[in-house]
Amino acid sequence: MAGSLSTSNSKIYLAYKLVLFIVILLVLDFIGGSLLKYLYFSQQSGDDYSLNYAMDKANEDILLLGDSRIHHGCIPEIFTDILGYSSYNAARGAQSIIFSYAVLSAILKRHNPKIVIVDMPPNGLAKRSNGYDKLSCLLPYYRSHPEIRRFVDLRGSFEKFKLISRVYPFNSTILKSLKERHKPKKDWKGYVPRHKVVRPDIDVANQPADMEGKIIADLDPNLVEAYTGIITKSIEVGAKPFVVILPRYKYPRAELDYKLKSYKVIKKIAADYNVPFWDMSFDTLFYGHNEYFSDMSHFNHKGAQLFSKVLAEKIKAELGDSIVSGNTIVDKSLPDSLSQ
Amino acid sequence: MIITSTLIDYTAGLKMGQTDDKRKRKKYLILSLITNLGLLGTFKYFNFFNESFRALFSHYNLMLNIPELKVLLPVGISFYTFQTLSYSIDVYRGVKKPERHLGMFALYVSFFPQLVAGPIERSTRLLPQLFEKKKYSYENFSSGMKQIIWGYFKKLVVADRLAIIVNSVYNNQSEHSGITLLLATLFFSFQVYCDFSAYSDIAIGSARIMGYDLMENFRRPFLAKSFPEVWRRWHISLTTWFKDYVYIPMGGSRVSQSRWLFNVIVVFTISGLWHGANWTFIIWGAIHGICLASSRVFAGIRQWFVHLIRLDRFPRFHNFIRILITFTLFSLLAMFFRANSLSDAFQIAEKVFLLKGSLYVAQTTMLLYGLFGIGFLMMVEIKQEFFDNKFSLFDNRIPIIRHLSYAFLVLIILAVGVFDGGQFIYFQF
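Protein chains in written order, with the numbering used here: chain A, 1 to 340; chain B, 341 to 769.
Simulated from the structure, these hints should not be mistaken for lab results.
Warning: the hint list may mix true and false statements.
To be verified - What follows is a set of in silico ranges between Cβ atoms, one per label pair, in the way DEER data are often shown:
1. A/Arg128 / B/Arg636: 34 to 44 Å
2. A/Lys259 / B/Val606: 52 to 62 Å
3. B/Phe731 / A/Phe41: 30 to 40 Å
4. B/Ile370 / A/Leu18: 31 to 41 Å
5. B/Phe452 / A/Leu20: 46 to 56 Å
Quick reminder that beta carbons are idealized off the backbone N, C-alpha and C, glycines included.
Go ahead and model the full structure; you've got the sequences and the hints to work with.
Right, here's the structure in full:
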């Protein structure tokens, strides 16, 4: 075949074959991508369904943002009952604050919430060993949400090229999509309950906690920017942000927590913008009470019920009259640069 | 490092070529051996031996205060050291004429597709190709690209997916049951095979596109029917290296049985040490040597038993059983390769053999993706091994079917591959 062709003819033959292959690939990619997209967006429950709701539909007054701790720790219905505002839990497990900022950016494009509650783990601004891999859950929204592209691009310089494919944004979603489509679970407005109760005798010393390493860990400027961005953007649209560190069951070498560079910066930025910062890590109502936790740092459903009530009451007390009147909550201490 | 190795071996080669005096030639060979093995020993093994001796001394209440060497292990040092050593030995033996062109010799040592993780090429095979004028060839381009796509499939769909499961289990082995550890161990054997052979596929494919033919490094090792056969199919470039430059000079198989047993076990123990500076690798290599030796020692008994239970009447079923046993044994030994320490390895071995507890799967979807990757891979390899001319999709005579098959393979990579930038395991060697 091509072996009998001259070099120039062979090159033309290669070009023809390449074009043919690329056309076939693009057609299959389009068909496969469309199918995966359909499956992904027709999920009835689960993380991706919640993310889809948050990105495209959420119009609640209270938004809960953060990682798995708030995802399993705050029940929107309780916030609604106590504060009188509709609420949605847009947190997601194993995510950094960049994810929360991306979701908030998408929501703010079409809706202004009144209250934004952010859970910040004490080392939440430190550089992560896995970089920005987990932001892959935002890939399905890359084409439709230009405001999140800069966050997804953090995953790597080849990301833009990979995203030429229609299949790639839905990488590793097919089984989950099929499962959530055919066996949907109850929707708790983003909240996911855990029912396990942590063993009271769990050995704290066995918990991995490279605290010394974390104390000196460099801050990730992108995480700092995202955290600051959540606060400033919320203030800009008239929402009241709250920064919370959720309680834990037990915590090894707790005294080191306060030495974290990340912790200090989280606290300082909140203070700079006059945003309430509540470190409830060692709240005696929860700390050491295994009946409220599913593991060392995540609430179970019982704990989430109590914590949501406590946090909502605390916010109610902080807001005072503005809750009753239902007026837009404006932070009077908005820095000059943002109020102009 | 690589420049030092290159210059020493280039000079040693030239000097060996200038004289017929065997003693002088030997001197230059020793210079090459000391330089290369010295660099490898210093960078890769110094801290390991230092630590081992310190532990041994402290056992007898003696102090050994040699400070730790704080250096980074140069990437690919084990591979290019062996590649350049093979040149020196071949020149000494007169198998290869010394290379006079320094640039070409340097290119042979640092040929980029296989520099960091092999295949370990011989000078007799690669050097002449470097002088050939390369012409563009459609066949080379096409087959090279196909091999690269297969490499990416193995790496991203199989190896990196299984790595998530294997790492989560092996890094918390004390928390897991025997059955979970067994599954993780079986997965690890697929992971390491796919990870390493993927790199070889990408290296061979890249070289072929440029017109260079690198040696085959893996030939469906999990379909081998015996332990010796596994090693004729697994990391072929390293196995043949050890055979040509260590095993045969030790006498090979033309010695007494006890000496032969000794040779095999020593060669495999050294091969284990080559893989990494840890007792886990040494034990892994030694056990492989013992298994290989046992395979020959007990060959007669095995044949008698097969005849006794009349298994030889059903050759296909017999072969299937042989493949299954070989694969199981090979995979189980991989626990020494993967375990973080020797004590971990023994704990894992104990749990696996007692098979206590129930299977724990953190994410079912992860398991299913992993099984899909293994299933797809084995389907293709079984087809290649036993049905070479049947059911062809990737080698179909009709071009459109071939194109569709490879396009589908790319889509599988995009749909279920793991794109988190995982490194190749053999980069650490």
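Now the hints, each set against the structure:
no. : hint                            : result
1   : A/Arg128 / B/Arg636: 34 to 44 Å : violated, 52 Å
2   : A/Lys259 / B/Val606: 52 to 62 Å : holds, 53 Å
3   : B/Phe731 / A/Phe41: 30 to 40 Å  : holds, 36 Å
4   : B/Ile370 / A/Leu18: 31 to 41 Å  : violated, 52 Å
5   : B/Phe452 / A/Leu20: 46 to 56 Å  : violated, 30 Å
In summary, the structure is inconsistent with hints 1, 4, 5 from the numbered list given earlier, while agreeing with the others.
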